[in-house]
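All chains, please: the whole structure from these sequences, using the hints.
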Amino acid sequence: MGVLPEQIELLLDAALVAELTVVDPSGRLVTHPLIPLYDGELVYLTSSVLFSRKLEHIKANPKVSLSLTDPEAIKVERFHRATIQGDATVDDSDLHAGWERVLPLWRKKEPVIDAFLGKRVALPLFFERAVIELRPRRAFLWEDGRTDRAPQVFELAEAVR
Amino acid sequence: MKPTTELLESLGERFAHAVVVFSDDEGYPLSVATDFRADAARGVVALRAVGGDEIQPPLGEQVNVVFSHIRPQPGIGYDERRYVSLWGTLERRDGELELTPDREQHWDEEEVPFFEYSERQVPQALRYYEQVSAETGREVRPKLSRGWLFLRATRLPFLSATFVPVLLGIAIAAYVNGFNWWLALLTLVGGAVIHLGINVFNDVFDTRSGADQANVNPTQFSGGSRVILYGLLSMRAMTLLAVACYAIGIGIGIFLAAYRGWDLLWLGVAGALIGIFYTAPPLKLVHRGLGEIAVAVGFGPIMALGAYYVQAQEYALEPLLASIPVAILIALILYVNEVPDRPSDAASGKRTLPVRFSRETVIRGYEGAVVLTFALIAVFALSGLIVRPALIALLAAPLALPVVRALRDSYDQPYALMPAMGKNIQLHLVTGLLLIVGYVIAIVADAALDDPPVFLS
Chain A
1 MGVLPEQIEL LLDAALVAEL TVVDPSGRLV THPLIPLYDG ELVYLTSSVL FSRKLEHIKA
61 NPKVSLSLTD PEAIKVERFH RATIQGDATV DDSDLHAGWE RVLPLWRKKE PVIDAFLGKR
121 VALPLFFERA VIELRPRRAF LWEDGRTDRA PQVFELAEAV R
Chain B
1001 MKPTTELLES LGERFAHAVV VFSDDEGYPL SVATDFRADA ARGVVALRAV GGDEIQPPLG
1061 EQVNVVFSHI RPQPGIGYDE RRYVSLWGTL ERRDGELELT PDREQHWDEE EVPFFEYSER
1121 QVPQALRYYE QVSAETGREV RPKLSRGWLF LRATRLPFLS ATFVPVLLGI AIAAYVNGFN
1181 WWLALLTLVG GAVIHLGINV FNDVFDTRSG ADQANVNPTQ FSGGSRVILY GLLSMRAMTL
1241 LAVACYAIGI GIGIFLAAYR GWDLLWLGVA GALIGIFYTA PPLKLVHRGL GEIAVAVGFG
1301 PIMALGAYYV QAQEYALEPL LASIPVAILI ALILYVNEVP DRPSDAASGK RTLPVRFSRE
1361 TVIRGYEGAV VLTFALIAVF ALSGLIVRPA LIALLAAPLA LPVVRALRDS YDQPYALMPA
1421 MGKNIQLHLV TGLLLIVGYV IAIVADAALD DPPVFLS
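Residue numbers (our numbering), protein chains in the order written: chain A, 1 to 161; chain B, 1001 to 1457.
Any given hint could be a false lead.
Distance condition first, Cα-Cα at most 30 Å in a straight line; then the derived DSSO-like pairs of lysine-lysine [to be verified]:
| no. | chain 1 | residue 1 | chain 2 | residue 2 |
| --- | --- | --- | --- | --- |
| 1 | A | 59 | B | 1284 |
| 2 | B | 1284 | B | 1423 |
| 3 | A | 108 | A | 63 |
| 4 | A | 63 | A | 109 |
| 5 | A | 119 | A | 108 |
| 6 | A | 63 | A | 119 |
| 7 | A | 119 | A | 109 |
| 8 | B | 1143 | A | 108 |
| 9 | A | 75 | A | 108 |
| 10 | B | 1143 | A | 59 |
| 11 | A | 119 | A | 75 |
| 12 | A | 119 | B | 1143 |
| 13 | B | 1002 | A | 63 |
| 14 | A | 75 | A | 63 |
| 15 | B | 1143 | A | 109 |
| 16 | B | 1423 | A | 119 |
| 17 | A | 109 | A | 59 |
| 18 | A | 59 | A | 108 |
To be clear, the hints were calculated from the coordinates, so they are not data collected in a lab.
Written out as structure tokens, the structure reads:
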């Protein structure tokens, strides 16, 4: 049992894509589709240096949200929708190999990653990656994906401290 | 950029839902999915209202509305990746939320392939390295393991272009005059390091001229190694690597010339100069539309005749003739690989043949050159100018068919052309190897039979 409600954990464990929203220096919200990984405490997302503007934005403003909305990319027995708000940090201390610490989580969800990794020489900059660590603060759950209804709201800030 | 009518019109077909993103009272982004329909004529997107008082998107303020689609392909990855991000203000209208977007950003891999999309982001990656370096107070650069880096920087797999003519020259000499294994090995090593030096120099000069930077459609066969561009190796390191390769190659060449005959030197000097001035100023042969001829001469007659001379200590007509089909096919590798590079080559002043000629002329040129290659093999072999078993090389001709098909179908699609580029390299390799096999058959027949029949000699 992790820090998030079980229904959201099931979504996170299955999701091949989630939408990460960051705040740019002008206050504009910018959303990026990314694969989310979860270890029961933090949500991890990795970003290639090629698409590193979001990393700059997170360093300047750690407030982010992650939404799980697409039934095509989240194959679960009972589909719900969820949004997780939280504070993110960027680990770019070793862009070449540091991100490989989340590889076991990634491999579990997307085994084909090993085949892509084998072609690292063909896409060297794509595999230079930072890890975004999202500490959940609040979560919203829309059962059965019904966003026309009010969501369940989970305050998590205390739980994760 | 303001969203176009076409973009808004396409939303309904391409996406199943929208995600509205806005800031909550504490400054955190908050996202909620909803149904939508675009009214392109009015330039708005209607969004079904969402439930719950605390997650109501603000009216009259900037929000982000995102449309995202991906199709998971189990065991393979994904396809149909696309997203559209709109920014604008919301109003309430007839019980719905209505977005009037004033800005958009989008990507669809069917319009811009992922490799090109990534390539266009390289400057951002380099900027990020600069920032991380400034933050940490130490230089941070992208990395590759030494083995992979050497392979990538030198474009090692392209050595088949050297092995084929050198082995052909050695095989002809072995048939005519005999064979010295260590001289053969030294010739192969010398030719290979010169070739690697040429590849590395090519990258140095293409980066200096801006040709590699202008190319956002590199493939595994074209667009250079990009190790300088990606920050994997410095310009200085690549220059030193090229000089080191050339120094070793020239050293081997001088030794072989001293040991087997100084007539070899002129051939070596010609090969080395062609290699350097392929991209280097002042000649910049490839910029003048002479790249294909330079490559044909360097990786055809010069390599084959040189290898023959080292073994036989004389020049002869047979290796020269046998090398011509190989020379044409190596030039065709360059020729086809230049097709996707046309825009960047033109922008950097490289007037290659595909830059100069129309699509139809380029394709007809390829077809004609392939026909000429195999016609020459047939004529030379049937007339006894090269050994008759070399006719076996005609078996490779069908490999050209998928290349022609791909040129006709995918001329303007760099990534769709990639398999054809690979097939075109196979055409050179297989034809060359079969020519060598032809000579091996003749050598074996000569050794085994007192009076070999005409078709085996």
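Outcome of the hint check:
As the CA atoms of residue 59 of chain A and residue 1284 of chain B are separated by approximately 46 Å, the hinted pair breaks the 30 Å bound. The straight-line distance between the Cα atoms of residue 1284 of chain B and residue 1423 of chain B is roughly 28 Å, inside the 30 Å bound, and the hint therefore holds. The straight-line distance between the Cα atoms of residue 108 of chain A and residue 63 of chain A is roughly 28 Å, inside the 30 Å bound, and the hint therefore holds. A distance of roughly 26 Å separates the Cα atoms of residue 63 of chain A and residue 109 of chain A; the hinted pair therefore holds under the 30 Å criterion.
In summary, the hint linking residue 119 of chain A to residue 108 of chain A is supported, as the alpha carbons are separated by about 19 Å, within the 30 Å threshold. Taking the CA atoms of residue 63 of chain A and residue 119 of chain A, the gap is about 34 Å. The hint is violated against a cut of 30 Å. Straight-line distance between C-alpha atoms of residue 119 of chain A and residue 109 of chain A comes to about 19 Å, which keeps the hinted pair within the 30 Å bound. Restraint check for residue 1143 of chain B and residue 108 of chain A: satisfied, since their Cα atoms lie roughly 26 Å apart, inside the 30 Å limit.
As the CA atoms of residue 75 of chain A and residue 108 of chain A are separated by approximately 15 Å, the hinted pair is consistent with the 30 Å bound. Proximity of residue 1143 of chain B to residue 59 of chain A is assessed by CA-CA distance (about 23 Å); at most 30 Å being required, the pair is judged to hold. With a C-alpha separation of about 28 Å, the suggested pairing of residue 119 of chain A with residue 75 of chain A holds against the 30 Å cut-off. For the proposed pair residue 119 of chain A and residue 1143 of chain B, the alpha carbon gap of about 14 Å is at most 30 Å, so the pair holds.
As the CA atoms of residue 1002 of chain B and residue 63 of chain A are separated by approximately 27 Å, the hinted pair is consistent with the 30 Å bound. Distance check on the hinted pair: residue 75 of chain A and residue 63 of chain A sit about 28 Å apart at the alpha-carbon level, within 30 Å; holds. Proposed proximity of residue 1143 of chain B and residue 109 of chain A is supported: the alpha carbons are some 26 Å apart, at most 30 Å. At roughly 20 Å between alpha-carbon atoms, residue 1423 of chain B and residue 119 of chain A fall within 30 Å of each other, so this suggested pair holds.
About 27 Å separates the Cα atoms of residue 109 of chain A and residue 59 of chain A, which keeps this hinted pair within 30 Å; it holds. Of the supplied pair hints, the one linking residue 59 of chain A and residue 108 of chain A holds, its CA atoms being roughly 29 Å apart against a limit of 30 Å.
Hint compliance for this structure: hints 1, 6 are not met, and every other hint is.
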